[in-house]
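Below are the chains, spelled out letter by letter.
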Amino acid sequence: MFTGIFKDTSVRVLIVFMISLCVISSFILPDWMQNNFMYGLSRGLAILGLMLLWRTNLVSFGHALYYGFGAYAVALCQKYFGITDILLRFTIAVVAAGLLGFCLGFILRKYREIFFAMLSLAFSMVLYGLLAKAEFLGSTDGMSISPSTLFGLELTRQYLFFLITFFVICAAVSIQAYLRSTLGHLTTAIQDNEIRVEFLGFSVQKAIHIKYVISACLAGGAGGLMAASLGQVDPDSMVNWNVSGELVFITIMSGWGNILAPFIGAIIFEFIRTYAFEWAPQAWAAIVGGTLLAIIFFFPGGIWSIIEKVFNYGKKKDVK
Amino acid sequence: MQFWATVFLDGLTYASYLFIVSLGLTIIFGVMKILNVAHGSFYAWGAYTAAFAIGIISDNDLPEILFLPAILISAVLVGVVLGYIIERFILRKMYNQDIHLIVLATFGVFLIFEDLIIITFGVDPYLPYQPAMMLGWIDIVGLNRGVYQLSLILLATIVAFGCWYGLTKTKWGKLLQSVIYDREISEAMGINVTKVYVVTFIGGAILGALGGAYVAPTTSVSPGFAIDLVVLSFAVVVIGGMGSIPGALIGSLIVGLLRAFAVHQAPILELFVVFAVMAIVLIIRPEGLFAPPKARKI
Numbered sequence: 001m002f003t004g005i006f007k008d009t010s011v012r013v014l015i016v017f018m019i020s021l022c023v024i025s026s027f028i029l030p031d032w033m034q035n036n037f038m039y040g041l042s043r044g045l046a047i048l049g050l051m052l053l054w055r056t057n058l059v060s061f062g063h064a065l066y067y068g069f070g071a072y073a074v075a076l077c078q079k080y081f082g083i084t085d086i087l088l089r090f091t092i093a094v095v096a097a098g099l100l101g102f103c104l105g106f107i108l109r110k111y112r113e114i115f116f117a118m119l120s121l122a123f124s125m126v127l128y129g130l131l132a133k134a135e136f137l138g139s140t141d142g143m144s145i146s147p148s149t150l151f152g153l154e155l156t157r158q159y160l161f162f163l164i165t166f167f168v169i170c171a172a173v174s175i176q177a178y179l180r181s182t183l184g185h186l187t188t189a190i191q192d193n194e195i196r197v198e199f200l201g202f203s204v205q206k207a208i209h210i211k212y213v214i215s216a217c218l219a220g221g222a223g224g225l226m227a228a229s230l231g232q233v234d235p236d237s238m239v240n241w242n243v244s245g246e247l248v249f250i251t252i253m254s255g256w257g258n259i260l261a262p263f264i265g266a267i268i269f270e271f272i273r274t275y276a277f278e279w280a281p282q283a284w285a286a287i288v289g290g291t292l293l294a295i296i297f298f299f300p301g302g303i304w305s306i307i308e309k310v311f312n313y314g315k316k317k318d319v320k
Numbered sequence: 001m002q003f004w005a006t007v008f009l010d011g012l013t014y015a016s017y018l019f020i021v022s023l024g025l026t027i028i029f030g031v032m033k034i035l036n037v038a039h040g041s042f043y044a045w046g047a048y049t050a051a052f053a054i055g056i057i058s059d060n061d062l063p064e065i066l067f068l069p070a071i072l073i074s075a076v077l078v079g080v081v082l083g084y085i086i087e088r089f090i091l092r093k094m095y096n097q098d099i100h101l102i103v104l105a106t107f108g109v110f111l112i113f114e115d116l117i118i119i120t121f122g123v124d125p126y127l128p129y130q131p132a133m134m135l136g137w138i139d140i141v142g143l144n145r146g147v148y149q150l151s152l153i154l155l156a157t158i159v160a161f162g163c164w165y166g167l168t169k170t171k172w173g174k175l176l177q178s179v180i181y182d183r184e185i186s187e188a189m190g191i192n193v194t195k196v197y198v199v200t201f202i203g204g205a206i207l208g209a210l211g212g213a214y215v216a217p218t219t220s221v222s223p224g225f226a227i228d229l230v231v232l233s234f235a236v237v238v239i240g241g242m243g244s245i246p247g248a249l250i251g252s253l254i255v256g257l258l259r260a261f262a263v264h265q266a267p268i269l270e271l272f273v274v275f276a277v278m279a280i281v282l283i284i285r286p287e288g289l290f291a292p293p294k295a296r297k298i
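Chains as they are written, first to last, in the working numbering: chain A, 1 to 320; chain B, 1 to 298.
These are calculated hints, taken from the structure and not from any lab test.
Among these hints, one or two may not hold up.
Derived DSS-like pairs: lysine-lysine, alpha-carbon spacing no greater than 30 Å straight-line [said to hold, decoys possible]:
id	chain 1	residue 1	chain 2	residue 2
1	B	K174	B	K195
2	A	K309	B	K93
3	A	K79	A	K133
4	B	K33	A	K110
5	B	K93	B	K171
6	A	K309	A	K7
Let the sequences and hints guide you as you build the complete structure.
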């Protein structure tokens, strides 16, 4: 699965992009931008998960379930076990969300289209309903997260950013390896014709289930990293349905052409939000909504389609 | 006994208002196959406009009898204006698109209108309590309830009856049903589907706005209060069956009563029960409890 993965153009571009992002943001750009990159990359993981599902024409309007679940897993482990190590935090978030996704996957893998969207929405709102009302989980105020450590040493923002970039690279490279494998190729085939895939001897439900668990893991990891970098988890900004909507929105905005697209999209989203907040604090949601409409109407392929046009990138792969 | 009466009365009131809002949502879905997130905007705009109108009436010492027409007129006004704008300029360009993209587009519209509310009406909450004060309170089986809240049940009954009559007894309703059943055949038979769509969407929008406008006197109208309602009415519609009108009735009764029960018995489960039921219905009967049978398409 991983053989020759570093010869892949997408992987190389991704690694170069991430490393240059690290270098540029630590030496040239102001500090607040680094925060935006950090949030963008963390959220980008969840977008990557949604992009995987989107490729099979499944749109989850409840991915905030895993996003929030990962974040709350981190918060609870800190509260009850005192875990602050960033490696552990990331692992816990990924594993917790993955387990939840594995269980729910047995049900969700039979659903398509609007029913898939609605059922995932229902699941995420069940979690929201519990979190928003549970006193010992901080109800709507949420819980605060102490700064992360690594092997007992406290991390500065700078190193946290580097580590997040590292996690993101690992995750994205694994996803590229998955997409190049037979299972990964299957998912596009399922979108084209499910019955044909069944007749070729593959189980559609199993393929979708695996994909769903992967995407849950990614969203969980995103939530964990977001919790660690924001220092705060709360149900309204992590689990509520409009968070899921926002995640799907960034997925559309990014486009699904490449593993790098979600991260670029998520970073751009952070900047749109920051600037909208600064220039028009009363209307930032309107600006986000307007961007969403503009993308749907004028760039249905998302930002990645623009990048593709400008750099003429990815042409060769399409021919194959 | 007292407890069950409380649950029943509160649940029924809550269900009535959910029904009015969800009815609009389910009609729009049934006819146009659009899951309209922007329905929350109709609701919020209806509430704000009504609150604003009530404010004007009571500030100028106009006769109190004007409250009810003011509420109805603001609902119709909001429904017609917003419904027409959204249908004409956003949705009409998207009918052949992927269903998920349409949902997202309405989500974008919802975000825009949320902020337009803040820009138009400001961030301070409105408390248009005057109509509720005017009608006073009444004792029912030992429970003290506002007459205005109870009149919501009457309004829901009128809306439900009107809707049933309109759909089954009038020519226009029959046209609508045929479009719900099969869009292409209806078009081939000479029904102006575009016109049906506009009217349906505006009708649904008026219902959404009516829900908001009528509820405004009982709550504090503040920014972001439509966010919870959108997803609650989704739950209602999904439980009853997307596109089914009796489904919206049953769905809102289930959600309303369950929620009232949870509020009085175990407040921590208030939202949980609603969405747990939604998930269970989707698992057992994905098309909803009262979905119309699907025509087989070749």
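Hints versus structure:
Between B:K174 and B:K195 the alpha-carbon distance is near 14 Å, which keeps this suggested pair within the 30 Å criterion. Restraint check for A:K309 and B:K93: satisfied, since their Cα atoms lie roughly 25 Å apart, inside the 30 Å limit. Taken as a hint, the A:K79 and A:K133 pair is honoured in the structure, with Cα atoms around 18 Å apart against an allowance of 30 Å. Straight-line distance between C-alpha atoms of B:K33 and A:K110 comes to about 21 Å, which keeps the hinted pair within the 30 Å bound.
Using a Cα cut-off of 30 Å, the hinted pair B:K93 and B:K171 holds, with the two alpha carbons roughly 28 Å apart. Restraint check for A:K309 and A:K7: satisfied, since their Cα atoms lie roughly 23 Å apart, inside the 30 Å limit.
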